[in-house]
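Student: Residue numbers (the numbering used here), protein chains in the order written: chain D, 297 to 683; chain B, 297 to 683.
It should be emphasised that the hints constitute simulated quantities derived from the structure, not laboratory data.
Please note that the accuracy of each hint is not assured.
It does not matter which identical chain is meant; a pair holds if it fits inside one copy or across any two.
In silico DSBU-like pairs for lysine-lysine, Cα to Cα no more than 30 Å straight-line [stated by the list, open to error]:
no., residue 1, residue 2
1, 547, 413
2, 413, 568
3, 547, 638
4, 608, 568
5, 547, 568
6, 413, 608
7, 547, 608
8, 638, 608
9, 413, 638
Protein chains: 2
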Amino acid sequence: MIEIDELWNRIDAAVLPLGAEEIPVFEAIGRQLVAPVPASMDFPGFDHSAMDGYVFAEERPGRCRIVESIAAGESPVHAIHPGEAARILTGAPIPSGTFAVAMQEDCERSDGWVSPKSGVALQMGSHIRRRAEIVRAGQSVMAACEEIPAGAVAMLTACGVEYVRVARRPRLLHVSTGSELLATGEESTQGKIPDSNGPMMAALLAGRGIPLVRHRLMDEAAALAGAAQHFDGDLLLISGGSGRGDHDHTKSALEAGGFTIHSERVNSRPGKPLLFASRGRQLAFGLPGNPLSHWVCYQAFVRRALDRLESKNPPIFVETYCPGWPGPEGDGRQTWTPAVVKIVVGRAESVALPWRHSGDLSPLLGANALLLDSPHPTSQLVRTLLL
Amino acid sequence: MIEIDELWNRIDAAVLPLGAEEIPVFEAIGRQLVAPVPASMDFPGFDHSAMDGYVFAEERPGRCRIVESIAAGESPVHAIHPGEAARILTGAPIPSGTFAVAMQEDCERSDGWVSPKSGVALQMGSHIRRRAEIVRAGQSVMAACEEIPAGAVAMLTACGVEYVRVARRPRLLHVSTGSELLATGEESTQGKIPDSNGPMMAALLAGRGIPLVRHRLMDEAAALAGAAQHFDGDLLLISGGSGRGDHDHTKSALEAGGFTIHSERVNSRPGKPLLFASRGRQLAFGLPGNPLSHWVCYQAFVRRALDRLESKNPPIFVETYCPGWPGPEGDGRQTWTPAVVKIVVGRAESVALPWRHSGDLSPLLGANALLLDSPHPTSQLVRTLLL
């Protein structure tokens, strides 16, 4: 049996980042950049007005003749000379010869003439947004190894970026084993139960935009070995059969399929009978069939492998305050407890949702974090994995 | 001009939750339950073994004859009597007459006989998980007004729940106005810019699973009024033209389309020229065309309307520590500043990403929160909207 830290090390050592692909910015939310993104064009693309107002050619213009009116999307026809002005709207290009833009509230207009109100002093360049003042064409807008948030779509689009190079999505297969599992639509009978791990994993992975192909197999060693042998994706997840019981065929199936087992027992509660294996660049986890264990193993170990495949940083552990909870009952294994983390007046506070046994799924209804072991007896801080 | 709080009140008053729909559990992640979910069946569905082991009929069995072997998915054929035992695997149903399950590590087996190792005492019901010990058929598994997390899929599936009743998704239309906007694929020319708001909003809404229909219109009052008039969705978003300039037609278009304007200026920086309107149960926002303002208005106001449409709780404000930042420059308006919030040793800390002007989109590249106004001068706590 190995420690949790050691399993993380083995995952980090065995998992190689996948290749990259070029996709439209618009579809790239949450994806990991694998190359810096240079601006395709200056942003802003031209000097333009930040306000609705008038452009003048001098610091102290008198009454000026309005030579044209420039709306957003139009191009100025005239250069502005002393004694002249132009009506200009927000976002419209600045004509050549401009000294400054005055806000319309600061001007007096009559017929075809305009002047700044008395007492209004113009400052050179005021209310003008300069070409490239945010970013110049060719400059990096985002660095490699950043995840693209929705807000970045505006910035990238504004810089003329239409495609970005991101880590490709891993291809996953989830195989639920267990003769006790009902087939979809099969009538419930004594001794049989619905497969809850397949739908749960599909939901977890949908949350990160990864489609999950799912199979269901009876507890037959040959069928499972065939599935392992013919697997052609990036990450194979086998639910159930990872222990050492009479019907636990995952280890032998992975070995028969040419996988090398890197770990077969981890000092983790729940999650002890977790298998981790690889074959070339392909990875496999044999996950406990118990849904609570399955969920914890996904959060604590599978996510780490996925993050690495997608060139992302590993999942973040933080410390949260967990007052009034003594921690899980000890049995020598490191123990995970689902929890709800909230920010309360500047403090990150967690409330443990203890589980009675690994068949108890009720903590999964509300958890947004996993606590590892017990709060520190004096500081009450506990190591917390945010989900 | 109204205060931010007052606009929230008007949004809350005008927005009515949408109807409900029944969808498969598996597709319901992140959706809001509008009715409690009762278990369709007991969970667990039958008494079963928590371990690989042997069942015995007595507290102090001697050497017992193994009458059958029961694997997960099978049904026991025999009742167990004193002097008898059965091999049982994890998840398999308990035969009638069982006193307790003994773990296989605690038993000695030879040929067709088994006995507990000397010194092992059996306790009634040990290693047996009882039918309905987690939830009984008909009992509520989740309450109305809960959002379904991915983990809940396992619990719901285990309780035989296949469909849940959730708030229906709102139907949204986003109309980008502005003669300066390039059409898709149009060559960039002087005075024209790409439309960054449409793609950004599509990305933001995709993040909550809402598809966005997008249109682009020139600054023509009649076209916009037509779009408002014929709008048949739940929420209409108009980008640009919400101010009072010569080319700002949003207010008149909404009015011509039969909408009632509830607010047309809010004491919010950025975001002052934000229109909010409704027509029966249909809603509309006229959003500033400036992308930073557009993004802030989405986070601070549109999300609130969406949450209410979907029967969700309003967006959460928390307090985070923001040491070393004096706050935004004041101009009398309440001011939003994008920020990065992190948990550091139990403290929720924010780092402000100040914006130079509302044309500066760089804060959108990394923000996961919005700060409202300045940190308190002594506590350094600042009101924070988590994104």
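Student: All hints, please: hold or fail.
Tutor: Outcome of the hint check:
{"no.": "1", "hint": "547 with 413", "result": "between (84 Å within a copy, 29 Å between copies)"}
{"no.": "2", "hint": "413 with 568", "result": "between (79 Å within a copy, 25 Å between copies)"}
{"no.": "3", "hint": "547 with 638", "result": "neither (40 Å within a copy, 40 Å between copies)"}
{"no.": "4", "hint": "608 with 568", "result": "within (26 Å within a copy, 38 Å between copies)"}
{"no.": "5", "hint": "547 with 568", "result": "within (14 Å within a copy, 63 Å between copies)"}
{"no.": "6", "hint": "413 with 608", "result": "neither (57 Å within a copy, 51 Å between copies)"}
{"no.": "7", "hint": "547 with 608", "result": "within (29 Å within a copy, 45 Å between copies)"}
{"no.": "8", "hint": "638 with 608", "result": "both (25 Å within a copy, 17 Å between copies)"}
{"no.": "9", "hint": "413 with 638", "result": "neither (54 Å within a copy, 49 Å between copies)"}
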